[in-house]
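Note that the protein sequences, when read in sequence, are chains A and B. For reference, each letter of the first sequence is one residue, going 1 to 271 in my numbering. For reference, each letter of the second sequence is one residue, going 1 to 582 in my numbering.
In case anyone wonders, no lab produced these hints; they're calculated from the structure. Be careful, since some hints might not be right.
Derived DSS-like pairs: lysine-lysine, alpha-carbon spacing no greater than 27 Å straight-line [claimed, not checked]:
no., chain 1, residue 1, chain 2, residue 2
1, B, Lys320, B, Lys206
2, B, Lys552, B, Lys576
3, B, Lys445, B, Lys365
4, B, Lys320, A, Lys24
5, B, Lys365, B, Lys571
6, A, Lys21, B, Lys459
7, A, Lys218, B, Lys320
8, B, Lys206, B, Lys375
9, B, Lys297, A, Lys24
10, A, Lys218, B, Lys329
11, A, Lys21, B, Lys206
12, B, Lys495, A, Lys24
13, A, Lys7, B, Lys571
14, B, Lys264, B, Lys182
15, B, Lys531, A, Lys218
16, B, Lys320, A, Lys7
17, A, Lys21, B, Lys334
18, A, Lys24, B, Lys571
19, B, Lys459, A, Lys24
20, B, Lys552, B, Lys581
21, A, Lys218, A, Lys229
22, A, Lys110, A, Lys7
23, A, Lys218, B, Lys324
Now the in silico label distances, taken between C-beta atoms and shown as ranges [claimed, not checked]:
no., chain 1, residue 1, chain 2, residue 2, range
24, B, Pro543, A, Gln72, 48 to 54 Å
25, A, Gly63, B, Asp541, 42 to 48 Å
26, B, Ser490, A, Met162, 30 to 36 Å
27, B, Ser304, A, Ala203, 50 to 56 Å
28, A, Thr193, B, Gly170, 52 to 58 Å
29, B, Arg224, A, Asp189, 28 to 34 Å
30, B, Val2, A, Glu120, 52 to 58 Å
31, B, Ser564, A, Arg23, 26 to 32 Å
32, A, Gln72, B, Arg314, 23 to 29 Å
33, A, Pro161, B, Leu300, 52 to 58 Å
For glycine and all other residues, C-beta sits at the position ideal for the given N, C-alpha and C.
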Amino acid sequence: MDSVTLKVARTGLTRASYELKYRKGMTVLDALIEVRERQDSTLGYRHSCRMGICGSCGMTIQGVPRLACQTQVSSLNSDTITVEPLHNMTVIRDLVVDIGPFFRLHRSVKPYLIRNDIQERDHSEREYRVLAEEVRRFLQFDYCIMCGLCYAACPTAALDPMYTGPQAITQAYRYMADPRDEGWEQRVDLLDTTHGVWRCHMAGACSFVCPKDVDPAKAIQMARMEILKKRILRKKGKPGSRPVAPSAPGQGKPGTKAPPFDFAEGRTKET
Amino acid sequence: MVETIDHDVVIVGSGLAGLRAAVEVLSRSRGSVQSLAVVSKLALMRSHSVAAEGGTAAVLYPEEGDSLELHAWDTIKGSDFLADQDAVWRFVTLCPEEIRQLERWGIPWSRREDGRIAQRPFGGHSFDRATYAQDKVGFFEMRSLYDKLQEHDNWARYDETFITSIVLEGNVFRGFTAIQLKTGAFVYFRARAGIIATGGAGQLWKFTATSVSTTGDGIGLAYRAGLPIEDMEFMQFHPTGLIPTGILITEGARGEGGYLVNSKGERFMQRYAPSKMELAPRDVVSRSMMKEIGEGKGFLDEDSGLPYLQLDLRHLGREKIDSKLPFIKELSMKFTGVDPVEEPIRIKPTAHYTMGGVRVDINGKVLDRDSHLVKGLWAAGESACVSIHGANRLGSNSTAECLVYGRIVGQDIVEYLESDRSPPAGSGSPLIAGEEERIFRDLFKNETSSADVYTAKAKLREIMDRSVYVFRDEAGLADALRQIRELKRSFEGVKVADGGRVFNYNLQDVLEVGVMLDLAEVVAEGALNRKESRGGHARTDYPSRDDKNWLKHTLAMRTADGPSFSYSPVKITLWKPVERKY
Numbered sequence: 001m002d003s004v005t006l007k008v009a010r011t012g013l014t015r016a017s018y019e020l021k022y023r024k025g026m027t028v029l030d031a032l033i034e035v036r037e038r039q040d041s042t043l044g045y046r047h048s049c050r051m052g053i054c055g056s057c058g059m060t061i062q063g064v065p066r067l068a069c070q071t072q073v074s075s076l077n078s079d080t081i082t083v084e085p086l087h088n089m090t091v092i093r094d095l096v097v098d099i100g101p102f103f104r105l106h107r108s109v110k111p112y113l114i115r116n117d118i119q120e121r122d123h124s125e126r127e128y129r130v131l132a133e134e135v136r137r138f139l140q141f142d143y144c145i146m147c148g149l150c151y152a153a154c155p156t157a158a159l160d161p162m163y164t165g166p167q168a169i170t171q172a173y174r175y176m177a178d179p180r181d182e183g184w185e186q187r188v189d190l191l192d193t194t195h196g197v198w199r200c201h202m203a204g205a206c207s208f209v210c211p212k213d214v215d216p217a218k219a220i221q222m223a224r225m226e227i228l229k230k231r232i233l234r235k236k237g238k239p240g241s242r243p244v245a246p247s248a249p250g251q252g253k254p255g256t257k258a259p260p261f262d263f264a265e266g267r268t269k270e271t
Numbered sequence: 001m002v003e004t005i006d007h008d009v010v011i012v013g014s015g016l017a018g019l020r021a022a023v024e025v026l027s028r029s030r031g032s033v034q035s036l037a038v039v040s041k042l043a044l045m046r047s048h049s050v051a052a053e054g055g056t057a058a059v060l061y062p063e064e065g066d067s068l069e070l071h072a073w074d075t076i077k078g079s080d081f082l083a084d085q086d087a088v089w090r091f092v093t094l095c096p097e098e099i100r101q102l103e104r105w106g107i108p109w110s111r112r113e114d115g116r117i118a119q120r121p122f123g124g125h126s127f128d129r130a131t132y133a134q135d136k137v138g139f140f141e142m143r144s145l146y147d148k149l150q151e152h153d154n155w156a157r158y159d160e161t162f163i164t165s166i167v168l169e170g171n172v173f174r175g176f177t178a179i180q181l182k183t184g185a186f187v188y189f190r191a192r193a194g195i196i197a198t199g200g201a202g203q204l205w206k207f208t209a210t211s212v213s214t215t216g217d218g219i220g221l222a223y224r225a226g227l228p229i230e231d232m233e234f235m236q237f238h239p240t241g242l243i244p245t246g247i248l249i250t251e252g253a254r255g256e257g258g259y260l261v262n263s264k265g266e267r268f269m270q271r272y273a274p275s276k277m278e279l280a281p282r283d284v285v286s287r288s289m290m291k292e293i294g295e296g297k298g299f300l301d302e303d304s305g306l307p308y309l310q311l312d313l314r315h316l317g318r319e320k321i322d323s324k325l326p327f328i329k330e331l332s333m334k335f336t337g338v339d340p341v342e343e344p345i346r347i348k349p350t351a352h353y354t355m356g357g358v359r360v361d362i363n364g365k366v367l368d369r370d371s372h373l374v375k376g377l378w379a380a381g382e383s384a385c386v387s388i389h390g391a392n393r394l395g396s397n398s399t400a401e402c403l404v405y406g407r408i409v410g411q412d413i414v415e416y417l418e419s420d421r422s423p424p425a426g427s428g429s430p431l432i433a434g435e436e437e438r439i440f441r442d443l444f445k446n447e448t449s450s451a452d453v454y455t456a457k458a459k460l461r462e463i464m465d466r467s468v469y470v471f472r473d474e475a476g477l478a479d480a481l482r483q484i485r486e487l488k489r490s491f492e493g494v495k496v497a498d499g500g501r502v503f504n505y506n507l508q509d510v511l512e513v514g515v516m517l518d519l520a521e522v523v524a525e526g527a528l529n530r531k532e533s534r535g536g537h538a539r540t541d542y543p544s545r546d547d548k549n550w551l552k553h554t555l556a557m558r559t560a561d562g563p564s565f566s567y568s569p570v571k572i573t574l575w576k577p578v579e580r581k582y
């Protein structure tokens, strides 16, 4: 291969085409940098670390969400490469998408270590003891670099913008699986919802595209399993379990059943 | 009219130091801080701190033979006695608490068999005190702090917001001007307290381990605001940058037992540092490597034209590489197609860490030209020069400094805001209007444009790689300085080619390169002036350390004709300088 043609989806244009000389070891990011520096300084794309750890340069390359910095041009087996912005996010300019909603989903699942004793967590002088095998239960899920590729690949997120999404669920599970965490009660009600873990229909695209082998699809399954287990324990009134928390205001007292819905009348039945 | 955004505290930079300071302010303030802003030219979690790999130094096990004295001694000896010893002592005493605090915020530190925190050997440390989480230490530290931050409500994030100037009125900090990439809006952040935590200037070099964002903005803007910057000629070249781009292969690879090998198959470090071998401090190893290459004992990478040596990990075996150095394996395989289990990795010294920075006192408060405190302004992390690292930083002390100084500065700010309740004041208007004009009138409408920003940047980085690298000399530095000045002059006519407002990276590139040229001039001239070899600054024409004339910090101030230099004494409170041998 002597040259390579980049076909880039640009805002307001159909496709811009750039031809470059191919160098051995050239990544898609190298190619984009060369375009901005030598051919067209108006091309918009994000990048930073060049080594697959900062999560900036997610984009759709040959139809698949990937990090540009670690995608070798030679691995694509084509001298024409299409580059588009990530899907499931709003395009701001060229390859730059609005990643704000993605960060907000992540925040919504309380992705931090929750302890009943805050004083001890924030001001103690000793560490918690954790065994290596306990670390292994959540370590893989902690590799997430928040690049958004999983979310961009997710067919469920494409249809349901309120879906919590593979990244956020994985991060919730990362803390659920951490032996130091005590936030179960708070987090379970965020996940056990219509737009939460049950929404996933197991396409597995998230795990396929994850550049860090986090395997969000697995985390979602693990979260489901844990939720079922805990719910059953709660129902049986096992020690330590609590009644179901209220869903939303105005829908009855905590733990009570919602009144039956009268389809003929189109409203809830008087009880 | 420029939009004014008010916050009690504005932190510029979202790396380890910035996030640690944010967490400290938010969890410590009881009502004195109503609102805090984290401003970053990247999105949060994209900062270069995520790329830190090997470890964070701390004395965790004094009962096993480590001690604060030993950590302080290693750091000071490693600094070639240019570190301020009072600051080093404060630093080492706070490191252990930071390790344990992060642990309680969720970081997955690698563990010993009994569940306690594990540590590994690192260069220049005489005890195994680099605390690690596999080989992604900075990444996990950032995740823990970022996650912790999500717990708090009274803060705002300004992602992809690029600071263009620091607004001072006399000796008082007022705020920052910035451009928000998403809209292209020019805004003024007005604050009672500000923190510069923008990282180093590794991008001045072409062969560098650091991300494209590390253009030294905070340091350069402090310099432009008339503040002194300290010890900028001391740049650390990390021995193991991956050919051909310079991205980092952690020192942990040698900490776990990796060998450095020349083309004769020799572990050449036995000739330079027989007691520490590959785990001598970075300046020593990098010089040894460049000597080997100079003597024709290197290899040549034909694709890039770069000389290199080998980092051999094969004897560690697959299991150890997979469990302790998975990221190194991933980088090597993804970027060079080399599996370190099967083949040696190709490496050479790479620009890595800026020892110098904004001049601050022991609490991270910014100092002005007369060594008076600038009211309301702090700096922390790589952008600050406390100075803990002196002429050469030890591996695993940088993430530690970011954590410790993020915390110190956060604490100091809360105390300051509790004692001084005056609201943010001063419109700073002439400065702000002038800044808006400089950017949106001059840069966009430059009619006489002759310079191209990317050509200038490439040229600058070539000059730095050639003449301001591991070894330096009078002729090379003088020539570099002349060329940098020429570039600076022609750059005055640069024009922003992209006429758009939204995500105008071309504009950001122009602003960054302007700052880089200023800093490069300071680095080159400071290096030319310093007629000795100390730590990361090695002169072939002045090969030894000269304590009589040069045991002092360099301070650079901006004038109309370039930097003016003065010097300040090193604080020596614990140990007198002795010969540095390993």
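Hint check results:
Our distance criterion of 27 Å between C-alpha atoms is broken by Lys320/B and Lys206/B, whose separation comes to about 32 Å. Between Lys552/B and Lys576/B the alpha-carbon distance is near 14 Å, which keeps this suggested pair within the 27 Å criterion. Between Lys445/B and Lys365/B the alpha-carbon distance is near 38 Å, which puts this suggested pair outside the 27 Å criterion. This hinted pair does not check out: Lys320/B and Lys24/A have alpha carbons roughly 31 Å apart, beyond 27 Å.
The hinted pair formed by Lys365/B and Lys571/B meets the criterion: a straight-line CA distance of about 17 Å does not exceed 27 Å. At most 27 Å may separate the alpha-carbon atoms for a hinted pair to count; Lys21/A and Lys459/B meet this at roughly 21 Å. Of the supplied pair hints, the one linking Lys218/A and Lys320/B holds, its CA atoms being roughly 26 Å apart against a limit of 27 Å. For the suggested pair Lys206/B and Lys375/B, the alpha carbons sit about 37 Å apart, so the restraint of at most 27 Å is broken.
Straight-line distance between C-alpha atoms of Lys297/B and Lys24/A comes to about 25 Å, which keeps the hinted pair within the 27 Å bound. For a cut-off of 27 Å, the pair hint linking Lys218/A to Lys329/B stands: about 24 Å separates their Cα positions. With a C-alpha separation of about 21 Å, the suggested pair Lys21/A and Lys206/B falls inside the 27 Å cut-off, and the hint holds. With a C-alpha separation of about 33 Å, the suggested pairing of Lys495/B with Lys24/A is violated against the 27 Å cut-off.
Restraint check for Lys7/A and Lys571/B: not satisfied, since their Cα atoms lie roughly 58 Å apart, outside the 27 Å limit. Only pairs whose Cα atoms come within 27 Å are accepted, and Lys264/B paired with Lys182/B is rejected, the gap being roughly 54 Å. Taking the CA atoms of Lys531/B and Lys218/A, the gap is about 60 Å. The hint is violated against a cut of 27 Å. The hinted pair formed by Lys320/B and Lys7/A fails the criterion: a straight-line CA distance of about 42 Å is larger than 27 Å.
This hinted pair checks out: Lys21/A and Lys334/B have alpha carbons roughly 21 Å apart, not beyond 27 Å. For the hint linking Lys24/A to Lys571/B, the alpha-carbon distance of about 51 Å lies beyond 27 Å, and the restraint is violated. In summary, the hint linking Lys459/B to Lys24/A is supported, as the alpha carbons are separated by about 23 Å, within the 27 Å threshold. Note on Lys552/B and Lys581/B: the hinted pairing holds, with a Cα-Cα distance of about 21 Å set against a maximum of 27 Å.
Proposed proximity of Lys218/A and Lys229/A is supported: the alpha carbons are some 17 Å apart, at most 27 Å. The straight-line distance between the Cα atoms of Lys110/A and Lys7/A is roughly 40 Å, outside the 27 Å bound, and the hint therefore fails. About 24 Å separates the Cα atoms of Lys218/A and Lys324/B, which keeps this hinted pair within 27 Å; it holds. Between Pro543/B and Gln72/A the Cβ separation comes to about 43 Å, which falls outside the hinted range of 48 to 54 Å.
Restraint check, Gly63/A to Asp541/B: a C-beta distance of roughly 58 Å breaks the suggested window 42 to 48 Å. Here the CB-CB span from Ser490/B to Met162/A is close to 54 Å, at odds with the stated 30 to 36 Å. Our hint of 50 to 56 Å for Ser304/B and Ala203/A is violated, since their Cβ atoms are close to 41 Å apart. Thr193/A and Gly170/B have their C-beta atoms about 56 Å apart, which keeps the hinted 52 to 58 Å range intact.
Take Arg224/B and Asp189/A: their Cβ atoms lie about 51 Å apart, and the range 28 to 34 Å is violated. The given range of 52 to 58 Å is broken by Val2/B and Glu120/A, whose C-beta atoms sit roughly 46 Å from each other. Between Ser564/B and Arg23/A the Cβ separation comes to about 43 Å, which falls outside the hinted range of 26 to 32 Å. The hint said 23 to 29 Å for the Cβ distance between Gln72/A and Arg314/B, and at roughly 24 Å that hint holds.
Pro161/A and Leu300/B have their C-beta atoms about 54 Å apart, which keeps the hinted 52 to 58 Å range intact.
Violation of the numbered hints given earlier is confined to hints 1, 3, 4, 8, 12, 13, 14, 15, 16, 18, 22, 24, 25, 26, 27, 29, 30 and 31; the remaining hints are satisfied by the structure.
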